[in-house]
Structures are given as C-alpha cells and as structure tokens.
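Chain order of the listed sequences is A and B. Counting along the first sequence from 1, when you hit position 156 you're at 156 in our numbering, and nothing is skipped either side. Counting along the second sequence from 1, when you hit position 7 you're at 7 in our numbering, and nothing is skipped either side.
These are calculated hints, taken from the structure and not from any lab test.
With a straight-line Cα cutoff of 27 Å, these simulated DSSO-like cross-link-like pairs (lysine-lysine) come out:
id: 1; chain 1: A; residue 1: K113; chain 2: B; residue 2: K166
id: 2; chain 1: A; residue 1: K49; chain 2: B; residue 2: K276
id: 3; chain 1: B; residue 1: K166; chain 2: A; residue 2: K49
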Amino acid sequence: MDSTKQGISKKIALLGSHAVGKTSLISRFVTREFPNEYLTTIGLRVDQKTVQLGDLTVELIIWDIAGQDDPVRIPQYYLNGAHGYIFVVDLSRESTWSQMDHQIQVLEAMMPKAKRLVAGNKKDLLSDKELQELKLPVTPDFLTSAFTGENVDEMFHHLAQILVHDDATTA
Amino acid sequence: MEMGVKDRNAANHLEELRAILLTPDRESQSTVMERLAELEKALVDDKAFEERLTPHLEAQVVHLQKNFPKLFGQFLGPAIKHQIEEEREVIIDALYPIIGKLIAKYLKEEIKRISERIDESMKDPFSLSTLKFRAKALFAGVSYQELLFREVTNRHKLEEIFIIQKDSGLSMAHYSLNEVTRSQMVAGMLTGIKSFLEDAFQKGTQELDTLEYEDYRIKIYPFPRFYVATVIEGSPDQEYERFLKKYVDEFCAKEPIPAREEVTQVIQDRLSLALKEHFHGFNQARDQ
Ligand SMILES: Nc1nc2c(ncn2[C@@H]2O[C@H](COP(=O)(O)OP(=O)(O)OP(=O)(O)O)[C@@H](O)[C@H]2O)c(=O)[nH]1
Ligand SMILES: [Mg+2]
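Isolated chain B (complex conformation) (with noise of 0.2 Å):
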C-alpha cells in the first residue's frame, strides 16, 4: 500500500473528525449535513456521474441525515479513540481551537446575557447613569449597548477565576470581572474537557495547563483535590503569568480550601469572597 495514500486517507478521516465530534454538539449535526451536501456536489459536478450517481445519492443523503445518529453514534466513541492514539500529534493541533471555541461559546453567551442584562437595567431614562452612559455613547459613535459591552469585556487583563473540585468539576468558588453567573457550567465543561484531553493525550501524568481561544487564555494551576483556573484576555507574556501564579499561590497558601468536602453556599461564599478581595487589585497591581 502506497504511503501517500494512506495518509492523505488518514488526514481525511481526521478532517472529518475535527468537524464531526467535539463542535459544539448541537452544531454537529448541520456540520454533518454540510459535508454530505459537499461531498453530493463534489460528485454531481462531474458530468458524467451526474446522472446515473444524484437519484441514488439524493436517497442515501436524506437517509443519512435523518439516521446518523442512530447509524453511526455508537461508533463514533470508539472511533476518535482509536484516531486519537493513531494520530496523536496531528490531532492536538485540530482540537485545540475546537475545544477553545465550546469554551468560548459559554464565556461569550455569559457576557452577552449580562450585557443586555445591564441594558435592561438601565431603560429607566431618568437616571443619571442612564444620562451618562447614552452621551458617551452618542460622543463614541456606537450604540451604548455596545459601549457597555465593551467596558464590561475590556476594562481588565485578568477575566475569570475558578476554584473548582477536581473529581466533581462544581466550581467551589469564583470570582468575575463581567459577572458570569452560570459559572458552574463553565466549570462543569472546563473539568469535563480538561480530563477528556489528560485521557486522549496521557503524557506521563502531565496535566493539562493551558487552553487558548481567541484572543483568551484558560491558564490552569493544579493542587492535589482541587484546580485553580483562570481566563486571561490577550497573550500574557511570562513576567506576567509568573506574576500570576504567584498571587495563585498566595491565595491558595493562605486561604484554606476544604476540596474533600461538599461544595456547600456557605464555603462558596466564604472562598468567592476571599477571592475577590485578593484578585480584585490584581490588575491595577500588574499594569504598575
């Protein structure tokens, strides 16, 4: 068997795996049906195929589109596991901004949400704040909505920091510049990748530390029952993580963290607070 042939095959497969599994999964689906519609174009462009090929095609489209799951969902586990120890390295690289993207998704759902949820707060056209805000948005040239969004999403470096129990993946603490509140999901699908990617790319006992997407970095500090994430806006160089890791450091050698226990509103306040009155500099402090 040709070499060649083998791994453009190979990389085929992996093309189509990328776009299969992992999307965001409700995405996944349509992902599919594009590539049949590709594949079904693809195919109809050459004349000579066309037309014994596109009555049977267009069958065997639909039915597959309609039973996919059914027909292939069983074999698709198995299948990127297999991928996964074949083609390693090629495969880190198609998943890292894959994985980024789901992250991002949540993050940006979040900031959405709060951004029309101040917005929504602030139709009462009489107050003072209101005022200010529609002038400066008026001066700037953009809806005041936007201005808002943007000073929510820009005013710091560092985003988000988690707390979050290691088995379970419940986020013990967390503390936010833009006020996400369903961060348990963020920390749910966080833990959830994070072990799926130690699993499929076991190097040693390694643990995963870094996730990137867009213009963000998920750095992650981990401690024997519990991790410490956080989500950093624009590429950080290493003066500023290890400034970072420092204050990580400090807070989790100063602040107790009972990682064994149940994840309790008690604790979570307690911890989210803690976190806050450490964190809350922690930008002013790094841009001096």
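Just chain A, with the same shape it has in the complex (with noise of 0.2 Å):
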C-alpha cells in the first residue's frame, strides 16, 4: 500500500577553502536567505534539506565542513560515509581554485565511492568577458551566485539527482 513513498537519506559535505562561499550556499538552498555578514564555519554544522525528485523523496543531509586550504587537514571522520560533495571554490580569487586539481584529487581518495560536483560561485562578482577568459585546472560544474541565487537550486538537485542514479557519472 505504502510502495508510491519512495525515499532515501543521503549525506552530502560542502569543502573547499575559506570563505569560497559554502555556508552561504547551504543557508541560499535551505534558508533561501543570504547571510549578509560573514562568520566564518568554526569545525562542523548540520543542515537538512528535502529535495522531490518525481515520485522519490531525497533527503540531503548536507555537512558544512570549516574551510580548509589543504585537504589532508579535514578529518576523515567528516567525511566518512558521505555519498556525495560539492568541491566550492570563489572565482573571484585565484588562490581558491589555483591549486584545485590536486586538492580534488586528495578528496577523491578521502572519499572513493562519493560523487562529486566542482561549484565555481560568487559568479555576480565577474563579468561576462572575465567569466570567458578565467581558465581553471578543472571546468565547474556550476557557476553558482550564492548572492543572487543562480544556478544553487539546480547544483543540489543535479547532485540528488546523480546520488539516486548509480550509474550516471560525475562531470
């Protein structure tokens, strides 16, 4: 009688250096509010969000993980049993995404069987011509604006999305 309620809980973290912007996007995704002031995450916090996808209810538990330079530093016990990531990194600022390769790199031995997405946010900040022009080790998946909002509510469904479906493959 119960078969139509199909639903499944999955754990997602948000990583990548300081003040790229990833509480800012959980708080735009669950709150729909921007922080106007910025407290940097000291350690860990909690957030939840219910995503519908067609018949089935994906639970998001999104840990939001204080931001680090170095992955080796993040402790494996944040990140164990996460099913899914979203590696953030500010466009605006080199010093975020210049050494983005490797620092995915480390991430994906943190966590082997996570899918990943790779968020370029604070898009508001450059134009259009910069935008083109900005050459990264690793093309984002999203050009998300925790600001105005853009592309954020796409980036965690398109993440939902592939957490259900086994075989899709991360970009």
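Two chains, two separate frames, one set of hints: put the complex together.
Structure, rendered in structure tokens:
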C-alpha cells in the first residue's frame, strides 16, 4: 500500500578553501536567504533539506565543513559515509582554485565512493568577459552565486539526482 | 622559564580557545569581538597607556574584527589539535559544557518550533481542546503556549531516542516524545561531535558514552555499525541507566537493524515504528 512512498537519505559535504561561500550556498538552498555577514564556520554544521525528484523523496543531510586550504587536514571522520560532495571555489580569488586539481585528487582518495560536483561560486562578482577568460584547472560543473541564488537549487538538485542514479557519472 | 607563568599562559590560551572554538559556529565571531573589546578596555583603563595606545588599538581591533577569519582561520584547526594534545585533561572539562550547549541549541530550537506549531494549530477558538487549554492556562497563571511547552517538554523522562548509522551519521530511526522533526540535523551534529571527541581524546579504542548539557543527558550505546543515542531529562541514577540499557539491548536483539545498507524511508518507517512500540511505555514502566 505504501509502495508509492519512496524515500532515501543521503549525506553530502561542502568542501573548499576559506570564505569561498560554502555556508552561503547552503543557506541559500535551505532557508532561501543569503547571510549578509561573514561568520567563518568553526568545525562543523549540519543542515537538512528534502528534494523531490518525481516520486522519490531525497533527504539531503548537508555537512558544512570549516574551510580548509589543504584537504589533507580535513578530519576523515567528517567525510566518512558521504554519498556525495561539492567542491567549491571562489571564482574571484585565484588562490582558492589554483590548486584545485590537486585538492580534488586528495578528496577523491578520502572519499572514493562519493559522487562529486565542482562549483565556481561568486559568479556575480565577474563580468561575462572575465568569466570567459577564466582558465580553471578543473572546469566547474556549475557556476553559482549564493548572492543572487543563480544555479544554487539546480546544483543541489543535480547532485541529488546523481546520488540516486548509481549509473550516472560525475562530470 | 618559570613554570607558573607558562601554566598561566597555557590556561589563558585555553580560555581563549575555549571561547573561540566549538562555540555554536555563528556566535564565535562575536565572542572574539567581545574579547577584543575587553582587551581594549583593560588596556585603556590604565591611564598611562591610554593616550598612546588607543588609536593604534582601535585601528587594530577594527582590522582584526574585519579580517579575523582570513587571518587566523587556517591556524585554528592545527592550534586546537595541538592544544588538545598538550592539555587533554584541562580541555575535556572546558569542552563538555560547550558541546552540550551546541546540542542543546539544536534541540531547544526544535522544541520551540513544535510548541509554536501546536500553538498555531490551536488558534481555532471553537475547538474544545483549545478551550480546555485556555482554561487550564488561566488557572495556572501562565500563557497557554508556555503551558503547552511545559506539557511537551516535561511529561517524560526519556525524551528522544535515535538509531544512527555510524559512518554517515544518518538517523535510521527516531522516536521522540517532543516530535523533534529535524532529527537528521541532530543526528549529524551528534555524530560529528562524537567523532571529534573520540579523535581528540582517544583513550585506546574507547567510545564516547555520555554527553551532558543543562538538565539533559545523552547516553550513547555503541554497536559495530550503528549507535543508539537516548536523550534523558534529569539525572538518572544507575538503576535507571541499567533499566534503559536493558530496553535498548532488547530492542537491538529483536529488531534487525540493516546498518550496512542505504538509509531508506522504508527502513526509517519500520524502525521508527518499532522504536515507538518498544519505548512508548518506557517512562510509565519505569515509574512503577
Ligand atoms: N558576491 C558574493 N559574495 C559571496 C557569495 N557567496 C559567499 N559570499 C561572501 O563570501 C564570504 C564567505 O562566505 P561563506 O559562505 O561564509 O564562506 P565559507 O566557504 O562558508 O567560509 P568558511 O566557513 O570560513 O570556510 C561572505 O562574506 C559571503 O557574503 C556569492 O555568491 N557572491
Ligand atoms: Mg562556512
């Protein structure tokens, strides 16, 4: 009788250097708000939000992990059991993406089973021309702005979709 | 070097760290600012320093306030880790209340939300239950929202019970006497904090078994791939704890808990229902 009611819970993590906008992206997605003050995340904060994909309800449990330039320093126990993660860079600050290929490699080793998306955030701070000229070591799957909300829901929904389709590949 | 000075310095650092770190995240910066303001005050109190230092200090305080996360963010992690290694015993005492607060904050927000929701649902002035509640509130001399809040929070001793997948921290089942709805958030934070503490204070392979905050106590019962967490109001005596442990063990013995598998709604519904059936009479059984 209950067979139409399908649901699944998935743990995802947001990772990347300091102040790239991890908390702001989550806040935009979960509460529809952009925090107007920068308060650095200390340790960890967990949020949850349900995404509806057709008949399927995906409950995303989002681990907002304090920014870390060197991913080796992220405690493994925060990443354990993660089904997916979003690696976030700040498009307007090269220092947050110049090492991204290496950083992603390290994260892959720490979470071999997790699906990955790469977000280039703070899109609103760059002109179209600047965006075109940007050469990132790894091409982001989504260019987002937590400030305007552009592509934020799309990104989280896309990740939810990837997580429930085992055969899907990460970009 | 004088030991006394070193100790005092260490204690100061620790105080500092304690105030800055692991405070509920969004409060942390205001703590830093308060501290800077205090520091500033202490220095300007001394008349001799006042004129020479104030302008520099103000500029510095503003600079620090603005740039604290950028300047120090990356050093905080290793600094805590180092501090913890050096000062295990001291820091345990310092950390516990803070961690408790963090969880308390989550649970309190939840309970408040629920009481607001109930309040909302009782706005219908003609419903009998509303009238009853209003009458009761009138006699009791408190707002009926507050009364409701009390009813919701004080009725039972065992308040919450979770079954949590160990690695992912996902809640596999939850039964609450308070109808806490964002249970995944609580389960995740609890798992993060538990891992952090076990890593920081690793004493052999021991797992964390109790967290306390205010008038609540979280007991953790570890199994290989999941753990059971109970939130109890008040300070239970040993006999109470034995009684509760027996309930938990009985539950885990009779109910298959597929902690290797994906956490699906079907599993959550089945387990949560089983939890409810097993535990709903717990407080009454206990009181007899
Ligand atoms: N213009 C613009 N600013 C943003 C955007 N996203 C975040 N910010 C700002 O960037 C700063 C850092 O944002 P956070 O979301 O706190 O960054 P974080 O990655 O969580 O930082 P840590 O917790 O320190 O690791 C804040 O001042 C935000 O207001 C964006 O899309 N556009
Ligand atoms: Mg953050």
